[in-house]
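With the hints as extra help, turn the sequences into a complete structure.
Residue 76 in the numbering used here sits at position 76 of the sequence shown, and the numbers go up by one each step.
To be clear, the hints were calculated from the coordinates, so they are not data collected in a lab. Incorrect hints may appear among the rest.
As the list claims (entries may be wrong) - Computed list of lysine-lysine pairs in DSBU-like fashion (alpha-carbon distance at most 35 Å, straight line):
| no. | residue 1 | residue 2 |
| --- | --- | --- |
| 1 | K249 | K214 |
| 2 | K291 | K214 |
| 3 | K249 | K113 |
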Amino acid sequence: MGSVGLPSLTHTTTTKPGPVKPNYSGLKALTPGLSPWRDSAQGSFVTTTQGPRPDWHYGDGATEGAVDPSITPHVEIDPFAEGRPMFSNYALMVSAIVPRPIGLVSTLSVEGKPNLAPFSYFQVVDHNPPMFVVGFAGRAGASKDTLTNLEATGECTINLVSEHMIEAANACSIDAPFGVSEWEICGLKQAASAVVRPARVQESVFSVEGKLVKIVDYDRKSFGSPGRLGIIEGVRFWVREDAIDEQRKNVDLNVLRAVGQLGGISYSRTTETFELPRTNWATACETKGLKELLGQR
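Below, the structure is given as structure tokens:
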């Protein structure tokens, strides 16, 4: 599954190239013409197949779907080329780097006011200790509420977004004034956390309580406000009981029903996976032809 064809996005401009301010209002007219949502029966939801080339061997390279670069060459793009808006980099990256997991981040202000916002500039980066990153795009004259709260209190929860809550999570992206609770706007329910003060999202199948390790400031190479990176350590996991196995180490995709962010206003569903076997060096050399490929080294 991929993204549908989308009209061009627009962005707010100033006298100098500034921070990315996407305007998706022009895309709303597209959705009424799309096919209705296809519900899936309870139980088995995700199908699993073989990889695209079960007969692949070391040295075979890409599959037949690869394009000959002599026929279809690549285009070189300088992200800081003169006259290139930063929005072009944003649109390029979010349409190419897909799908991206969505972290619905819950924080509290120093006054105790809750905030909830979705981030697709989000990823897990280690498991020992559990470490996560959240990217905050630059904002001229003001920080994103989540960043302000996280920097001030050092705490958050990160809640993974599934199909059953995607509309509510999407509603949290509205540019509400500071202090306005997105919880009321989206209708999601708060659940108590164990170690941190910000609430978890009750409807989320998998949530992480997190504590801020540090905020990293990027080098400024262009006009506008540079982005910042939050590095967060996971201190508690919460998993819906019907989604976790007895060993408490694997989450069932049929229950998780994860949603990924694509470009524009498009999302992906996790409905089909494929498996590829892995092996070690000794086995590959003895049984997979790797020794012959490398000239009996």
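Outcome of the hint check:
Taken as a hint, the K249 and K214 pair is honoured in the structure, with Cα atoms around 28 Å apart against an allowance of 35 Å. Among the hinted pairs, K291 with K214 is inconsistent with the structure: their alpha-carbon atoms are about 46 Å apart, more than 35 Å. Among the hinted pairs, K249 with K113 is consistent with the structure: their alpha-carbon atoms are about 34 Å apart, no more than 35 Å.
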